[in-house]
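J.: Residues per chain, in single letters:
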Amino acid sequence: MTTRELNDFLTRTGPGTPMGGLFRRYWIPALLAQELPEPDCPPVRVKLLSERLIAFRDTQGRVGLMDEFCAHRGVSLWFGRNEENGLRCPYHGWKYDVTGQCIEVPSEPVESGFCQKIRLASYPCIELGDAIWTYMGPRELMPPHPEFEWVRVPSSHRYITKRSQDCNYLQAMEGGIDSAHISFLHRYELRNDSLHTGRGAALAGGTDVRFEVVETKGGMLLGVRRPAEAGHLYWRITQWIMPFHTMIPPYGDNALNGHAFVPIDDESCMTWSMTHHPTRPLSERELDTMRNAGGIHVRLIPGTFRPVVNKDNDYLMDRAAQKANKTYSGVKTIAMQDAAVQESMGPIQDRSKENLVSTDNGVIMARIRLQKAAAIAQQGGAPDGIDPATHRVRSASLVLAENASFLEAAADALHARAGVAHTSV
Amino acid sequence: MTTRELNDFLTRTGPGTPMGGLFRRYWIPALLAQELPEPDCPPVRVKLLSERLIAFRDTQGRVGLMDEFCAHRGVSLWFGRNEENGLRCPYHGWKYDVTGQCIEVPSEPVESGFCQKIRLASYPCIELGDAIWTYMGPRELMPPHPEFEWVRVPSSHRYITKRSQDCNYLQAMEGGIDSAHISFLHRYELRNDSLHTGRGAALAGGTDVRFEVVETKGGMLLGVRRPAEAGHLYWRITQWIMPFHTMIPPYGDNALNGHAFVPIDDESCMTWSMTHHPTRPLSERELDTMRNAGGIHVRLIPGTFRPVVNKDNDYLMDRAAQKANKTYSGVKTIAMQDAAVQESMGPIQDRSKENLVSTDNGVIMARIRLQKAAAIAQQGGAPDGIDPATHRVRSASLVLAENASFLEAAADALHARAGVAHTSV
Amino acid sequence: MTTRELNDFLTRTGPGTPMGGLFRRYWIPALLAQELPEPDCPPVRVKLLSERLIAFRDTQGRVGLMDEFCAHRGVSLWFGRNEENGLRCPYHGWKYDVTGQCIEVPSEPVESGFCQKIRLASYPCIELGDAIWTYMGPRELMPPHPEFEWVRVPSSHRYITKRSQDCNYLQAMEGGIDSAHISFLHRYELRNDSLHTGRGAALAGGTDVRFEVVETKGGMLLGVRRPAEAGHLYWRITQWIMPFHTMIPPYGDNALNGHAFVPIDDESCMTWSMTHHPTRPLSERELDTMRNAGGIHVRLIPGTFRPVVNKDNDYLMDRAAQKANKTYSGVKTIAMQDAAVQESMGPIQDRSKENLVSTDNGVIMARIRLQKAAAIAQQGGAPDGIDPATHRVRSASLVLAENASFLEAAADALHARAGVAHTSV
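Protein chains in written order, with my numbering: chain A, 53 to 477; chain B, 53 to 477; chain C, 53 to 477.
Please note: incorrect hints may appear among the correct ones.
No copy labels: a pair is met if it fits in one copy or bridges any two.
As the list claims (entries may be wrong) - Taking lysine-lysine and the BS3-like style, the derived pairs with C-alpha atoms no more than 30 Å apart in a straight line are:
{"no.": "1", "residue 1": "Lys405", "residue 2": "Lys169"}
{"no.": "2", "residue 1": "Lys378", "residue 2": "Lys269"}
{"no.": "3", "residue 1": "Lys169", "residue 2": "Lys375"}
{"no.": "4", "residue 1": "Lys99", "residue 2": "Lys363"}
Everything labelled a hint here was simulated from the structure, so no lab data went into it.
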């Protein structure tokens, strides 16, 4: 049972919290690369793990991510001038480089060495997979770069977006590892969405379903099996890679989908949505569909990462569509269905009131793994999921003989193999 | 004097509070019946006494009122599917009947008996007088159904609405039992409103006015008398029935009016407005007037119970109308004048700063009665106002001989008598 | 260093705080006179030093400023009727005169003397310089009236406005005594604004600049010097008069400008902007420019004192203008540039994180002076800046011989002299 104490433990990721300590051991997707499209472009405010930061790309194209506020008098560097390899505070012209090092204080003589003593908290950034990632933990413990397949394929094979959610990261992520809700919440979408065709879609409403959870080195496998042709089972296998990555089992010949659920602060998170194909560019039809809020992607309020459909407008609830079985919940699109139910639990779900069942084993296991990993991180150990080898995995959907061990039979399918397409029926 | 402690005592009605314990001993108007217009219609969110609830009408037409959040993972059942005699959570299909009993958990085998163990807190509902009432207290102490005259007349004789107020119930209700403010705050409306004609209206501004407060079994009588023809007094008598019902003295041959002031939470309340005629249907003229925000009714923001005129727009203050004596306060309509001054006191008025006078005797008495009743309720006793006999009363306006005891002389007039019109001059 | 404790000390001005005690020893600009344009005009809500007050002008033209809420039941007197030398509560007709004395309680017999016992907290007001000033401290310690030059010149020589800021008064005021930021934040405005022409504007971007801070009886002089023609220095001298008045050094033949930074509450302040010429009426061109948000004045949302450009719209950030060196920060107009950076520090800047340098000596000195003055005020002593003699000063800009003491050489220029124009090059 998740007590209030454990719930607090799992959901708080600010500086100084145990879970915050764990999250600061991983590379975290912080911005879309296109948010900093070119050298000396405008700086961007970023809030991560309850820290207010400013991101900028300098004249040489390097990305900096540091404390939002000038070390001098506390002005937001969002008003800063991004010029000549540094971000300059508009108030008195103090200038910082991408490492947070102050490199100019106009009022002080250069020879005083004053500005060398001034340094903003800053976090190293890398660009991978059209995203800017940062590492917010102790430098000596920095892990190797992430190696998720979606970051390694060519840009043409990938489409990624992000959207904010008005709830804690954990309830969003728990939606991502909760295979059981698909047949309910998304029942009608799977039958109608052009990016969700294939066997899984047709079977979505079936009832003879079994769920299996298998721990892996980097996280978990969540297997769902249904009866298939005689003597066979149809398997759909989700990957969870710690601390917040998921890989959704594929549908037919469509591309792979995944999410990362990144805490903004304790009451909101950024849900990243990644679509990629291992072996071919995404087609214009696929891209068009996603740009028009198809698949797992959503329409955003221009200039923001907030969905147009959100809690302030009751997710544009359509009761007639719900009644007519066009949508199960009255909310349109898979992504917003997830967001709606997750946000409806409140900014931080009170898990002490839950009643979990066997289909929640994945959720239960994830909490245990996170709790254990936080303890390991507190002792300076290496938590699961920081080893890039654990990233090189895939989700899969496949038909196996009834008596086959899915772990053995699907072993290849569950690993990212360069030049080999994913396994999907 | 109302200390801060007593003020807290009187104004807090959430679970576990003494006043909350008292209120949970009465039938409470929760929704207009038309909010749940037909079987399997959309569920409705209701907040009562600081509890977040969901109301729905099932396939058989029965009304349920229960905890808003699914017992499984905390999703709001507002997204629920109302189908086949139960409300189904859209996340994993858990289904509840109108008693809050879980009747289906799709993932669990029926024979496990799992779902029988799951039950949401729920409150019994009845439909009376075009309203849905609920009882939120201990089942063994449930009182008989309310018998206010407005709930007992045919629907054609009645018009009821509700509107939210941005303040604690007590300061709204205290307005309802404060006869003294009529001659000031509503001075000009009484002369001009077609539903407020009659002797009282003409005399509204008079100065030789006396106030009398008489305790009754169910609450209080608030008598206001003014000089009438030689040797006579013109009396206007308000009823207060515990814990939050008021009956406004009538004007001429107009229908009777009353209110119920129901806590939403400690900083807002729902003000119900009931107009009824004991012996005849309301006329089209009367209904039209009320539908157009006449009498004690107001215009609402579509899809909400929030008045169009509200604190966010400074109640559309019209200083010119105030200066020209078209309105006394610059705010239009009796209902919004009340709301404006009540809300201006703050979400919860700090009564420790008051300076009460003799015309506040009704207010003082109500606080004493509520305080006493809460103590009785805490001991499991029967607080005043739960006996339906105390509901079968009326307000009245009448002329009595100077030396008559108004209690004796108006005894008949102050009781609801089937088939006999109210006493009003 | 400014610890968190000292930061709290300096920034909290509500009742009972040390800094609140200090501020309550001065005459404070509370309203523009035009906010109460004529006898019996509508009352106006005013929040000052965290106190919610109501201002009104009675039938005789006298101004009252008192507790916003009626002593009876707590209704806001903003709904009050301003009639026959008093403000009448719309609820039960209680009436107050400009001293807060209750002068009528309609329900109580006059002979009872009841209303004499009722008095709202109220503060004496004076009208000076098109502003209404109030004194919120102990009556026996009331200082003489303010004698700033801008209040003493004819109305034709003066233009004053006010605007609210979403931050504590101190960070706004510190901007006003921070000469060093001009060359950065306002660099491009000084070259283009028709009310900021003259030598100072041309030199704004110069680098060989020295700052001097000199304590005065009423506050501080902040001198900035730059090289001028051979053997000479160009001086710009700002005045700070306690507790929150600043006088900006003039530009060429333009009028003088100054500010007062008045706490609304701890998280917002009212920034007053005063432009005056000591010896001539302001021209139509000057007035037109200021009415159109020129100079130090801004465009306001109609019916409010909130700037049209504000944090909710990111100050209409124009990145292209910033990049093209049309504005240094991307924000338009001097006033809103100041507001933007000041507000960006948060509602109350955390000064414990600052790194101050020598050009912050004025800021450091002001904090010390305020801290000392609060201690003196707590002991009932006379803090600096309450003596009107300290108000009769001016800012100046002038060229002095290199070896001259600016204090001696500019002594005349730094005093307000009737009939003599200010010193400005």
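J.: Now, for every hint given, state plainly whether the structure supports it.
T.: Quick rundown of the hints versus the structure:
In the homo-oligomer, the alpha carbons of Lys405 and Lys169 lie at most 30 Å apart only across protomers (14 Å), although the nearest pairing inside one protomer, at 51 Å, exceeds that limit. In the homo-oligomer, the alpha carbons of Lys378 and Lys269 never lie at most 30 Å apart, since the shortest distance is 40 Å inside one protomer and 56 Å across protomers. Taking the closest pair of Cα atoms, Lys169 and Lys375 come within 30 Å of each other only across two copies (29 Å); inside a single copy the shortest separation is 65 Å, beyond that limit. Taking CA atoms no more than 30 Å apart as the test, Lys99 paired with Lys363 passes in both settings, with 21 Å inside one copy and 18 Å between copies.
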